[in-house]
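Protein chains: 2
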Amino acid sequence: MSYSRRVADLLRAAGAEEGDNVRVSVGVIERSGVLMPHHEFSDPDVVVLKQRSGYNIGVRLTEGATLTMASKGAKRDREVKSPIIAEGKKRVAVLGTGGTIASYVDYRTGAVHPALSATDLVSAVPEMAEVCQVDAKVIFSIFSENMRVEYWQRLAEEVADRLSRGDEGVIVPHGTDTMGYTSAALSFMLDDLPGPVVLVGAQRSSDRPSSDAYTNLISAARFCVGSDAAEVFVLMHGSMSDDTFAVHRGTRVRKMHTSRRDAFQSINEGPVARMDQLGRIEALSPYRVKSSSKVRLRKGMEEKVCLVHFYPGMSPSALESFLAQHQGAVIAGTGLGHVSRELVEVVRKQAKKGLPVVMTSQCLSGRVNLNVYDTGRDLLNAGVIPGEDMLPETALVKLMWVLANTKGPEQTRSLMLTNMKGEISERREA
Amino acid sequence: MSYSRRVADLLRAAGAEEGDNVRVSVGVIERSGVLMPHHEFSDPDVVVLKQRSGYNIGVRLTEGATLTMASKGAKRDREVKSPIIAEGKKRVAVLGTGGTIASYVDYRTGAVHPALSATDLVSAVPEMAEVCQVDAKVIFSIFSENMRVEYWQRLAEEVADRLSRGDEGVIVPHGTDTMGYTSAALSFMLDDLPGPVVLVGAQRSSDRPSSDAYTNLISAARFCVGSDAAEVFVLMHGSMSDDTFAVHRGTRVRKMHTSRRDAFQSINEGPVARMDQLGRIEALSPYRVKSSSKVRLRKGMEEKVCLVHFYPGMSPSALESFLAQHQGAVIAGTGLGHVSRELVEVVRKQAKKGLPVVMTSQCLSGRVNLNVYDTGRDLLNAGVIPGEDMLPETALVKLMWVLANTKGPEQTRSLMLTNMKGEISERREA
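These protein sequences, in sequence, are chains U and D. Taking the working numbering, the leading residue of the first sequence gets 1, the next gets one more, and so forth. Taking the working numbering, the leading residue of the second sequence gets 1, the next gets one more, and so forth.
Hints in this document: simulated from the structure, not taken from any laboratory. Predicted, not measured: the structure shown is a model, and the values here were computed from it. Heads up, a few of these hints could be off.
Heads up, the list lumps identical chains together, so a pair's fine if it works in one copy or across two of them.
[As the list claims (entries may be wrong)] Okay, derived cross-link-like pairs now, DSBU-like style, lysine-lysine, Cα gap no bigger than 35 Å in a straight line:
no.	residue 1	residue 2
1	304	352
2	89	304
3	407	353
4	90	407
5	89	137
6	137	72
7	304	353
8	349	304
9	304	72
Starting from the given sequences, assemble the full structure and let the hints guide the process.
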């Protein structure tokens, strides 16, 4: 606890401790809620209150602020730091990886740092104990822009281990920047899942007003226990408000906004399920169900695969030397999957040398079709593999996996054209 | 005319000519409409009927099909090939560049070719003569994936010339693949526009059932004449149906679907205006208005600018050699504008050597913010220019223009941070 003198005095005068219901007023603003733990990185003048919605709000107690006790909290609410044991409930693993969901604002600089352990995070959400028996562990703690293959592999190993040991599901708090890439990677690396793997993030750090960390986390726990789905999913806010959550398939989800809490969207299909704040689950599309299957891990990944965004005037020589440094390439072409004439020749040359090249679209939505225009047919003739309606990012991760887990160009092509984990939908005639 | 024997016989028996109202039935399907011209590339068995909505539909007259006359057309409808002169009406230029809007399906191969001249295209939309005096010219005819700086320059010159000569507005039929890049390029190249420049495309070729070519074109003409707006816009279908059209600002528009007719969307702001099929215009946000200003052309563009999509595991050495081949770079980072730690060092090195690097987000929606996380602040320290809420593609085109039209890194940075043509919106606190 490192509250400022003023806040410490206010708390002492009111006899208020963590877990108590308090009311604060600062000028015309009044707020009440359960007093949450104060952490090392928190602003000494800020108290964090958990509101009845599950929503946390930070209030800065400036000069003249008042704080009164509304009601003493139940003992459980105060002991938020003790390990959570929910006897008789299903066990759910929480595997921390870092990111905003486990971050604090450093109020000296205004920046966000990864500072909160998975246990701290889970302890801050006492409602989780009502849902499941939580087994939390930090695998690593990075900002997700630093994610790379070896982290995916460590995470996949740990997930497989937990599911093999009978955990009902696995929750993976993860930075939102690359959460869609990781969910795709886990989708391809893990087969025959007996239960769900739910990646969950936050767009606002956990000690900020309007943080979505807690609501997303408790919803993920409810989903692991309450749903019969067994795939890799991303669960995030489904709207700007706190009352719906969307469950996206791991191979279809993309971060589509830099800051909104409902930034994550399923592309080329709807979310798999929707949840409300009471944990009621509405299935929206078919999914793989839970079973007693034994999870199978194939964690190989070819790291030298690139994703190239085509644009008018892209230099053929620069593209050529870039492609030549890789073992596989995904291009996000324009429209139905096009690049300029000069680049078709570059692709032809590289493909002839054995480089697998997959074409996707920078439009993101819709399906590539290389049969409509001359450029597309030239690309097909050049050996390009059409990426169907895969996201460019998912195609990248899939190609990394396919190159490490297959032998030869024919198998690569065939697998890239096959729907393995919901990443490609059946073609419908327009 | 190269109809098949069967279709030619049916037309002759019914006494039907181009411009007549006919009714066809094939099995259980019945369709009626005005018989449209038959072109060199059209399927010999297909008749194209213009329906009352303005919508064209192609019907394949298979064995057993019937065709009857509903009513003889007015003479004007038949003379669709004659030049359009609307005395006393405002003059609007139509500058053809190619693309699906000016394309035919080659029914032997199923592929689409650019084959229709601007004049042919305009002639196929007799309603345009009721709206304006059309002056059509083909500047070039390419698929838009082959667009590059010299084409942008030729087009900008011609647009400036037409507006200088007093045309009310300029319509640019354009391939949809890179229409957003071209609209951004024209936005930066042309200043003090006296009237609107409206890029218009089609997602279905003009002799296909459900082509959007005609409805988009006539709507563009109505917008040029009926609106008081004077910016560079993209006008396309505003929904899946044919009854609304959206007018997007040229620096904000992006193709977000490979095939839907409403693929174009304004990102980080709404469309500037909406139109219905009767040409009624609803302004949705502020815009620059028409005036008697003299258009100013600054067509310089630095061609060696790249757009790089960041992804987990991107190779620092491959990125470094790619950047080194350019005079400027735009990165589409993750989230608020991030790349991995190793890549921050690559960027730092290149920026030190004088390469301007602009950070945008692959989320597309939202604003980059390099002040929230350590990675962002490291990037700022490395010299990266935050791209605010610019689209990555618009930032690319803008940087090309800025590098050719300014002197020195300070002016480059300052202009990239300045809203020039609606590409950046004012910061609002979250």
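Exercise. Tell me, which hint numbers fail for this structure?
Worked result: Violated hints: 2, 4, 9; rest satisfied.
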